[in-house]
Every structure is written in structure tokens, then in C-alpha cells.
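J.: Heads up: the sequence lines are chains A and B, in that order. The numbers in this note's numbering rise by one with no breaks, and the one at position 110 of the first sequence is 110. One rule links them: number in this note's numbering = place in the second sequence (from 1) + 1000.
No wet-lab data here; the hints were simulated from the structure. Just so we're clear, the structure is a prediction, and the values are computed from it rather than from any experiment. Note that CB positions come from ideal geometry on N, CA and C, so glycine has one too. Be a bit skeptical, because a hint or two may be false.
Partial selection, computed: residues in chain B whose CB lies under 8 Å from chain A [said to hold, decoys possible]:
no.: 1; residue: 1041
no.: 2; residue: 1082
no.: 3; residue: 1090
no.: 4; residue: 1097
no.: 5; residue: 1101
no.: 6; residue: 1176
Far from chain A, by Cβ distances over 12 Å, these chain B residues were calculated [what the hints assert, rightly or not]:
no.: 7; residue: 1043
no.: 8; residue: 1051
no.: 9; residue: 1074
no.: 10; residue: 1077
no.: 11; residue: 1079
no.: 12; residue: 1086
no.: 13; residue: 1087
no.: 14; residue: 1092
no.: 15; residue: 1094
no.: 16; residue: 1100
no.: 17; residue: 1118
no.: 18; residue: 1175
no.: 19; residue: 1182
no.: 20; residue: 1212
no.: 21; residue: 1239
Distance ranges between label pairs, derived from CB positions [what the hints assert, rightly or not]:
no.: 22; chain 1: A; residue 1: 224; chain 2: B; residue 2: 1110; range: 35 to 41 Å
no.: 23; chain 1: A; residue 1: 373; chain 2: B; residue 2: 1021; range: 44 to 50 Å
no.: 24; chain 1: B; residue 1: 1236; chain 2: A; residue 2: 311; range: 54 to 60 Å
no.: 25; chain 1: A; residue 1: 295; chain 2: B; residue 2: 1115; range: 51 to 57 Å
no.: 26; chain 1: B; residue 1: 1021; chain 2: A; residue 2: 329; range: 52 to 58 Å
Residues per chain, in single letters:
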Amino acid sequence: MRLDRTLVVAKKTLRSLRHDRRTVAFVVLVPLLMIALFGYTFGGELKDVKVSIVDLDQGVLGNSLGKAISNDLANSSTLMIMEHYGPGQANASKADAAIGQVKDGKVWAAVVFEEGFSASVLEAIFNMTHGLPVEQAPIKVYLDSSNPNIAQAVSQEVQAAMQRVLVNQYHLVSPIVLDSEQVYGKGAEFIDFFAPGVMGLAAMMVTFMLSIVSFVHERSSFTLERVLTSPISEGEFVAGYALAFGLVGLAQSLVILTTAVLLFDVRIVGSPILVLLVIFLLAVGMQGLGFLLSSRAKSEFQAIQFLPLVLFPSILLAGVFWPLEAVPALLRPISNFIPLTYAVDACRSIMIRGWGIEKVWPSMLILTLFAAAMLALSAYGLKKRG
Amino acid sequence: MDDDGPVIETKGLRKEFPGLVAVDSLDLRVARGTLYGLIGPNGSGKTTAIKVIVGLMRASAGEARVLGERVPLRTNRHRLGYMPQDIAIYPDLTVRENLEFFAGLYSIPKPRIGSRTEEVLKVVDLLDRKDGLVSQLSGGMRHRVSLACALVHDPEVLFLDEPTVGIDPELRVGFWRFFQDLKSKGKTIVLTTHYMDEAVRCDVVGMMRGGRLIAEGTPSSLMTQTGRGNLEDAFLEFAGRVVA
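Isolated chain A, as found in the complex:
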């Protein structure tokens, strides 16, 4: 194996890219667009969810819990109160109207406090303190659950408002308190979780695509044949391409890391160099896979058809946007065969947990083995002449 010939192939590949401005734009802008879009859409918190409140609660001795909870909800930045019918204005027809608004899609939820709400709560508190059977007082929430995220946010807001009012007015605190200490990821936001995932995904997608298209072109234009009559070995040729696309993957990761840090304040607790190394290994492996699959495609058009086959399982099952624990048990074994799973896990551990190579080496070893296997198979595939 001679390094000079490997470098010649790498140089040629990078030069080809340099002359193709659209591809350069693709390589740089795709990851930029991905991190920016994902960052702004996924990273944002829910705000101004439209809700209507119908408060029929009569209160007890001039003290209305319904009113207190309604006021608390009105201060929430998550919710935007569209209609608020307080006692006096509210009646059964207003409740029906609010439910109608949910049905018409004008609001996401209608929160209804029944007439005897405060009385029921006080009775429950009395019974609780006197060891009598307790009947819980309901707050009726009519939810449009067509968007589970929004539905969950509304329920949580109502729940939280309820707790706050009970604490403030009746000093009712739970005897149990959750005392959690964040071992890792103190102050981490959702974008900190998925930035490493998007980085791996972008590197994987672009290197795989460039590789498969480049090799189909090498074959269909017979440049590969010509190259193989020269003294270069199959291994040197494949390694040259791997080096070039590995560097492309690195460049992309730098774009993503910089954007994530500057735009979204993503923190990198561990070593950025180690993160880049992980991405390099992933890019080399995906380049090899692209090479192998390219031998099954007769044209660039056929080659592109492999993209969704490789991309979708990686997006869905590699833990990019949701944890592997959320992947159904039946599909989880597939996750173990997706290289991106290990790259994302390693990058996340380095960036959020601050882990070093002494802890992420198993993932890196798997990525190295994957890359080595892909390169060896590619070189073997070239050697096997018809």
C-alpha cells in the first residue's frame, strides 16, 4: 500500500468537487440548513397555545379556586387565553360554545370549572385530613389531541397551575419531593440532545450520496477501468476516496458545530476533536457502503434510489431525534446494525456528558470496524474481475 497514490486519488476527488460549485454548496448548505431548521423548529418551546376558559365555579365564602387557577393559567406564556368567561358571565351554553371552539379548531382546549368546584375541593381536603374517603374534584379539559405535543403541554400547564394554587392558598404540599441532581446535561435543552444527531445524519447522508454517485460515474464513464490498469492497487484507490469523503464529512461537521454553537448556544463539554474523529469514521464507513451499493446500480438515477433505503432507517431507528428506548422492542435489534446509532451515541456522550475516549471507545471501535469492513469489501469487489 503506497500513500502517495492514495493521496493522488484523494486530491483528484476533492478537486472534482471544487470545480462543481453546486456540489460544494450542497455539501456546505445541507448541513447548515438542517441544523438551522431543526434548531428553530424542534428547539423552540411551545408558546401561545390557544385555550378558552369557562369558569362556572361559585366559590366558597367569596374564595374561588376556579378563579385562582384561571388567573394562574392566564399568566402562562405557553397558553393564550382566547375566551375567559368568569362567574357571572359563564353558563352552560358558554361551556358548550367553548367546546364548539375546540371542535371548530379555533382553540386547542376548553378548560371548564364546574359550579361546585371550590366546594368539592374543600370537602376533599377536609376528608383527607380527617381520614375519610376522598372524592377528587375534577377540572374538565376538552382537548384537541390531534397534536399530542400540544395536548400534553396544555395538561401539564393546568396540572402545574392547580398545584401552585393549592400550595399558595391552602399550603397543601406533597409530603414527597423529587430531589433530582443532574449528573450530566445540567441546563441541557432539546437542541443539545439532537445537534449531535443532526451532525451525524448530515455527514452520513452527504458522504453516502456523493460516494454512490461518484462511483457509478467512475464505472459508467470507464475511468475506473482505466485507473485499474495503472499500478494503483484496489485498496489504495478505495482508501483515496475514503480519505477525500472523510474530509468532506469533517468539513460538514465543522459547519454544523460552529452553527450549533453560535446560533443555538449548544455546549460542547467534551473534546470537539474527538467528535470530529467520530464523524470521520462514520463518513469513511458510509463512503464504503456507497461504493459497495454503487456496483448494483447502472446509472446515477438507480443509485439515488438506494438513498431512502439507507436514510430512513437511520433517521428513525438510530436515536437521532428520539432516544433508542422509544424505538419499539421489535425494531430495536435493527438499531444495533445502523452505524449512525453508534456515531450519534458517541457524539452525544462527548458533547453533553463530556466523556473522553476512555468511555466512548466501544462505539468508536464499532465505527472503525464498520469502516474497515466496508473498505475491505469495496477493494475486494474491485479485485474480483469478471
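Keeping the supplied structure of chain A fixed, place chain B upon it in accordance with the hints.
T.: Quick look at chain B alone, frame taken from chain A:
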């Protein structure tokens, strides 16, 4: 290797594909400094024979030797140049970058690459286009770049598969003059063509049909043997004898 021995030699070379024998019992001996033309119609096995000899395909039977080494070559690959039938160069590189790449594959020392690139570009008359992208060149110019890439490492043995297909007559004449020039410098050239009229410029012509070598000799001897005035008629005569 013995300098007097054949530079290229095949014995009983055979290449089969499912349902097709592309090359059958091919025995070739090409001496150093020979301009050898493999001629025959499309599908006669010329390209397959070349591909087996340069090591791009594995022979189904028989053997081939280049510069005394059995194919596929290990040690002598740098002494061989190959120009495929298709213009196999990189369209998204400049002319110079293509040449630098192929020179690099043959481990030509860096300082030498520049001068060698200039030399071959002068030969194919493309010095003024060296920094242009190949994709922006005309078909004839690309042919010239392709030839230059096969020559950049100054090979001893050249395999040129249909080097004159699709190029204008003026350029074709230039190419033949250049082949003669290379030959006079001791290079061995094997080329394929289906233009019988130009094969007359070769030292030795091998006529292929249905994967077999049906006749071999100097153009004049082949015409004499058949009593025909041109190679095309001579070919048809030999082909007729085979069928008969």
C-alpha cells in the same frame, strides 16, 4: 525479459460470457516496436481481447503475457498504457488536472509531472487549453486528452481501443502520424479499429471475427494472399473462407 521475445503473447486465450464466447483460442505474438492492428467488425472480440490482456477481465482459459509477465500484471503495470474505447477521463477536472492525476497513479516524481504534462499536451496540441475543464471541450479535444492520459507516463506498450472512432479526418491523420512516431521510438502499440482503410498503416494486422483470429500478417501480405486490393475485401475473403 529477453529483448527479442514478444512483448505481448497470448496462447489459447478464451473469454466466455453466459451464452457467448467473445474470444476463442486467440494466439498472438507482438514483437517490440510493432504497430499491431486488431481489426474486425463490431462484436468480433477485439475489445474483450484487449481487456483480458490488460488485466481488466479474467481469461476463461489460456494465458496472456505482457513484457514476459503473466497477466494480471503485478510488476509491469507501470510500463503499460491503456486508452479505452470510451473517453475515460474526468469531465469535472481540467485537462492538466486529469494528466496530473494519471501521472500520479504511475508515481512519476512531482517535479517531472509538470514537464511531462507539457510534453504530451504539446503532442496532442492542447497546451492552450490545459486549464480548461474537460466538460467544456469538444469531442475531438476530449479524445486528444484521453490519448494524452495514456501517454503521460511514457509507457513502453500501448493498448489503444478504437482510438480513432468519432474523430474528424484531420485529427485521425494526426493520430496515425503520432502512432508512427511512437513506434519509431521503440514503443509497441496494439490498437483496435473497425476502419479497415486505416489499418493498412499498421505493421501487422490481426483479423478477428466471431472471437477468433482468422488471419494475421502485414497488410500487403494479407492482400496478396487473397488477391484483393484493399484490406476490407481481404477481410471479407478470409471471413468467407472461414464460413466455407
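J.: Please list, smallest to largest, the hint numbers that this structure does not respect.
T.: The structure breaks hints 1, 6, 8, 9, 10, 11, 12, 13, 14, 15, 16, 22, 23, 25; every other hint is satisfied.
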